[in-house]
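Colleague: Listed here are the chains, written in short residue letters.
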Amino acid sequence: MQALTTRAKAVDRRPMTFLERLYLWNILKGMLITFSHIFKKQPTIQYPEQKRPFSPVFRGLHVLNRDEEGRERCTACGLCAVACPAEAITMEAAERLPGEENLYREEKYAARYEINMLRCIFCGLCEEACPKDAIYLSETFAPASFTRQSFIYGKPDLLIPDPKTQPAELAAAKGLS
Amino acid sequence: MVEEIGTNTEGDLIINVGPQHPATHGVLHLVLTLSGETIKKVEPHLGYIHRSIEKMCESLSYRQFIYVTSRMDYLSSHINNHACALTVEKAMQIEVPQRAQYIRVIMDELTRIASHELWWGAMAMDLGAFTPFFHAFRERETITDIMEKTCGARLTMNYMVPGGVMVDLHPDFQKDVKSFIQLYKSKFEEYNELVTGNIIFQNRMKGIGILSKEDAISYGCSGPVARASGVHCDIRKLYPYEIYSQLEFDEILDTAGDSFARYMVRLKEMQQSIRIVEQLIDNIPEGEFQAKTKAVLKLPKGEFYQRVETARGELGVYIVSEGGTTPYRIKFRSPGFSNLSALEHMVKGLKIGDLVAAMGTLDLVIPDIDR
Chain A
1 MQALTTRAKA
11 VDRRPMTFLE
21 RLYLWNILKG
31 MLITFSHIFK
41 KQPTIQYPEQ
51 KRPFSPVFRG
61 LHVLNRDEEG
71 RERCTACGLC
81 AVACPAEAIT
91 MEAAERLPGE
101 ENLYREEKYA
111 ARYEINMLRC
121 IFCGLCEEAC
131 PKDAIYLSET
141 FAPASFTRQS
151 FIYGKPDLLI
161 PDPKTQPAEL
171 AAAKGLS
Chain B
1001 MVEEIGTNTE
1011 GDLIINVGPQ
1021 HPATHGVLHL
1031 VLTLSGETIK
1041 KVEPHLGYIH
1051 RSIEKMCESL
1061 SYRQFIYVTS
1071 RMDYLSSHIN
1081 NHACALTVEK
1091 AMQIEVPQRA
1101 QYIRVIMDEL
1111 TRIASHELWW
1121 GAMAMDLGAF
1131 TPFFHAFRER
1141 ETITDIMEKT
1151 CGARLTMNYM
1161 VPGGVMVDLH
1171 PDFQKDVKSF
1181 IQLYKSKFEE
1191 YNELVTGNII
1201 FQNRMKGIGI
1211 LSKEDAISYG
1221 CSGPVARASG
1231 VHCDIRKLYP
1241 YEIYSQLEFD
1251 EILDTAGDSF
1261 ARYMVRLKEM
1271 QQSIRIVEQL
1281 IDNIPEGEFQ
1291 AKTKAVLKLP
1301 KGEFYQRVET
1311 ARGELGVYIV
1321 SEGGTTPYRI
1331 KFRSPGFSNL
1341 SALEHMVKGL
1351 KIGDLVAAMG
1361 TLDLVIPDID
1371 R
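Here the protein sequences come in this chain order: A and B. Numbering-wise (the numbering used here), the first sequence opens with residue 1 and increments by one. Numbering-wise (the numbering used here), the second sequence opens with residue 1001 and increments by one.
Keep in mind that the hints are not guaranteed to be accurate.
Below 27 Å or equal to it, Euclidean Cα-Cα: the simulated DSS-like pairs (lysine-lysine) are [said to hold, decoys possible]:
| no. | chain 1 | residue 1 | chain 2 | residue 2 |
| --- | --- | --- | --- | --- |
| 1 | B | Lys1298 | A | Lys132 |
| 2 | B | Lys1298 | A | Lys40 |
| 3 | B | Lys1185 | B | Lys1301 |
| 4 | B | Lys1149 | A | Lys41 |
Calculated from the structure, these hints are not laboratory results.
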């Protein structure tokens, strides 16, 4: 073969030997390779019972974070909604009233916070944009439901359990229990 | 217009292959004109998965539009993102840190191997061999695990940002990649034993779907399809980007231009990708993984073009900027569209059973063709 460049590498096109031409031998050889795998280590896991660990950067479903005292971190600044390429995030801001200091961390909070999980492309830009560490992508994935409406996650679905009042749920959500 | 199904005036049979057909790997719709079993005409009908990604990109910022392009050629999504990031960097003259360049190239080559693995399994499945599919996915799984650990997702990695990569490498990255290379080298022989050396396979591939060098150039083919016909077209060699000019690897060329040549070129390309990863994995320099860029990117007024070599061929990204935060116009030159256009030329006069074999070696990804 005439090489077109000096760095080219010719592909091997030798004619087959008699042994390779034997039709039955090739079938037998293929079957033997397949058969030998019965005795090798299984590469699969039994999924719903057995689960793989994920790395810390894995981008699963979103979680709205709370601080150590259980107050919501989100201030409804809207940076995540601006950063989102899929326009999946909508929110409504509200002023914190006197007496709600134990609920919300700062003067402004998100009265309504919705993420459309069907629109979301899980790119992680909202997590990068958030100045308050309020939103992050968790390790949960593969939600299942019968209706499209149920994939529009509101605040009750997104908020992480309160460490003060629901420590058991928080531990379960973090996968510690 | 889709022709009436049935027979035409000359008595030829007109049938549909797809859009829902297991051998077309997606929603490709081919209208075949058959004379008996012989193919007279192949007419691809496109647009079943058109999502107007080019138009969508016009309303997204230069940080956001990169992630939408993962959905074009989803099997080499990292290389798609790479092309977009490179175009933005070229326009803004952002200097990418050395570490980021190394990481990008390693990820590119791992993506290429993963993509070729899937092609290998899917193509053998097109020919009726089911087992190779599982063999291919077993090794591909190792790559997706590596990707997931470092990038955060398995298929649509979204690891690129203009100026570098999103997060630093996982501490286990080098160990994982090295163990993958060991695993892969031991399995590669098995691939050849299982499929390549098989006489049934060779008889179905050799001399089928021949594309000459002149035709490959005139149809605008690129990637392994063109290289199997003897066209020197590897962008990594011709117009090196990132650190490809410093790397040692061979461009695989064949002159036969038949299905078997395309098959062999892809198999040998996987070995070359392994070679590239082996060269880089021990020498990843320390330093920043991301250049410091402004939060809002504004491209200067003008037109910018960058091309990269994806697993399927040459991907070109063309951005027209008016100086704002969003592109005025974006055009992607996708490899699959040009490669598909050569299909009719390749299979004309062959039997209908050979259509699937020839189409399998084109490695078509339909979302890449339609965008």
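Colleague: Of the numbered hints stated earlier in the document, which are not met by this structure?
Modeller: 2 and 3
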